[in-house]
Structure formats: C-alpha cells, structure tokens
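The whole structure should be built from the sequences, with the hints applied where relevant.
2 protein chains.
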Amino acid sequence: MKRQVRVLAVDDAPFKFDNDRAMVVGVVMRLPNYLEGVLRSECKVDGDDANQVLELMVQGSRFKPQLKAIMIDGVALGGFNIVDIDALHEAIDVPVITVTRDPPDLAKMGSALRKHFPDWEQRYEILRRKELLEVGTGHKPILVSLAGIDYYEAEEIIKKSMVRGAVPEPLRVAHIIASGLAKGESKGKA
Amino acid sequence: MKRQVRVLAVDDAPFKFDNDRAMVVGVVMRLPNYLEGVLRSECKVDGDDANQVLELMVQGSRFKPQLKAIMIDGVALGGFNIVDIDALHEAIDVPVITVTRDPPDLAKMGSALRKHFPDWEQRYEILRRKELLEVGTGHKPILVSLAGIDYYEAEEIIKKSMVRGAVPEPLRVAHIIASGLAKGESKGKA
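So the protein sequences, as listed, match chains A and B. Heads up: the first sequence begins at 1 in this note's numbering, then just goes up one per residue. Heads up: the second sequence begins at 1 in this note's numbering, then just goes up one per residue.
FYI, nobody ran anything at the bench for these hints, they're computed from the structure. In this text, all values refer to a predicted model and were calculated from it rather than measured experimentally. Be aware that a few hints might be false.
Identical copies look the same in the list; a pair holds intra-copy or inter-copy alike.
With a straight-line cut-off of 27 Å between C-alpha atoms, the simulated DSSO-like cross-links for lysine-lysine are [stated by the list, open to error]: (1) 183 with 44; (2) 183 with 64; (3) 16 with 183; (4) 140 with 64; (5) 44 with 64; (6) 160 with 140.
As structure tokens, then:
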C-alpha cells in the first residue's frame, strides 16, 4: 500500500422523523487525519436512493481517482435507506467498507422493515447479505462489511485510520461535521 | 500554557452577491488538529451582525469554558460584515486573533466602503484600529491582529496550530468545511 492513503468517509446527519430528507456528509481524508475535502449531499429519509446519492457524490468528486475506499458509518443513510455496497462498488469501482460498533439486531430490523416497507424483503436481503467481520482497534473491536476489498487490506486501512478511541478518524470527523451542521453544535461521538 | 489547547476557528462560506446571508462555520479544535466540534451560524452579507453572530456562537457552545482563543479567517464575515475584535473580546471574555495571509489594501477598502455604506466611517475605523503583526510559520509569515492576548501568547497558539503549510490547521479545516458545504465540494485552500 502506498504511503498516502485517501478515503472518503460518509455519515448522515441526525434528522427528525417528520423530515423528508437527511443531509449526507462526505469527508475526504488522507489517513489518518489530514482533511482534504468535504462533500455534501442529501437523501430521502427511509427512501431508496442511498446508492444513487453515494454514487453521485463519488463520481462528481475531483478526489475520485485517489480514493482507496469509501467508509460508511453503518449500513444505511437517513433511517432505513439501506446501502447495497456490492452494487455501489460495482458502480463506482472503489472498494466500500461499512463500519459499525455493535452487531445489528437483524430480527428486530426485519420486523420493523416488514411493518413499514412494501419492499421489505429486498431491503432485508441487502441487510443480511454481507458478513460482518471483526477488526481489532486496540480498543473495542469494530465490525465491518466489505465490497471489492479483502479483509486484510480493509484491516490495514482501518488500522491506518485510528487516532484515538475505537472509531476510524475519518468517520469520527464526518459525524462531527454532519451533526454539527444539522444541530448548530455537534454532540456526542461517531 | 497547558498541554491541551483548544481554539474555535471561524470562517465564512463563499456566497454569491445576490445572497442575503452567508454561512459561518466554527470549528473547535484541540491543537494542532483534533476536531472536537463544529458549529454553524450565518450572518448578513455586508451586514453589521458579525459580532453578534460570533458572540452567540461562543456563548451558546458547551466548549466555551475550554477555549483559549477564537481565530477568525480575516477581519470580516460575509463581505464587509466587519468584526470588531475588541468588542468581541469584551463580550465573550475569550481572546480573539484574526489571521490573514496578505496585508489588506486599506485605501482600496476604504474607498469601497465609502461608496457602498452610509456608516462607512465606523466600519473603516474598525478595520484600521488594530495593528497587524507578523508571525513566522516556517513558510510565508502570516499577519494577525489581537484582542485580549499578547503577541507572545498568540504566537505560541499559532505555532501550535501548524500542521503543514502556512495556514493554522483549525482555520484550514474551517475553510474546507464551509466551502464544501456551500458548494457541495470544497475547492482550494484556506
């Protein structure tokens, strides 16, 4: 792996349940913590445009040729707007890594999907398709799912992303920006 | 000076001349480059609310007790919405440092003010009141004006803020966030 590794880290901003749309913030970072760019988009809350939003964010960016990976905080943007990372990787030809700290309760998510979405089976299939793999961080391990990248390369990128604590720095920064802009002041941690 | 030094760095987002308001972004950073919070506000383009906007941004922030200084990119937000840093320091009781890379052309600014603002003399007085002091950065020196802080302490904060190049890292990050959010993708450098 080259010395300079750039990733795009994506998080959604907090939203209220009567909001139609949620802000999506992308942060281009040279690992571990040199911010090079910030991108903004938005997606439909509980919609199905997460892939399209991320594809446009990446394709429209001058940073695209330099990106080693897209890191996404969780598996969805704006509620249940689930990202199909295999399709995203295929569309943009950049590896995709989702990062979560706690294993999702798939049974609970499945029943919430069934209740609220006519296309729940499709959303549930995306949620369940990818294996969650553990990556050690020196703190609590994090869970990743991968598309277009093998475990060892993903692990190297995650380890290069760590500054303090158990959250990759690009995702921590994306979270602070997204929540700070949504609320006026950011609170809590990614 | 304590080991952990936090500053709030402020920049305005690019705006078009038919915009009434410009976004203002504040970044709370533990020097040199650990982002802890992002604050958002806005001010009137060419208005006179810059001090009020910054005062509310600081007073409303949970970070206020920990701030060693406010750094402002330039002497105004949103065009000619000039910050009176003496009055700001008095209002918030936190030292204020403006940072510019090139000496302003005061004569040119004065004649622009005279042409467009009935209260041009007041604005011009604020612009001229503060001495600009040079701080070495290892690259091109930067120019600062100060309120509530002496030269040597300001110099120490500036030097602690440097990561690469000649712009304090908190201001570089505030600039990237502000311009990224205004345009969708940030361009250029602070």
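Cross-check of the supplied hints:
1. 183 with 44: Answer is both; intra-copy 18 Å and inter-copy 20 Å each pass.
2. 183 with 64: between (29 Å within a copy, 17 Å between copies)
3. 16 with 183: both (11 Å within a copy, 24 Å between copies)
4. 140 with 64: neither (31 Å within a copy, 31 Å between copies)
5. 44 with 64: Only inside one copy: residue 44 and residue 64 sit 24 Å apart there, 35 Å across copies, limit 27 Å.
6. 160 with 140: Within. Shortest intra-copy distance 16 Å satisfies the 27 Å Cα cut-off; inter-copy 31 Å does not.
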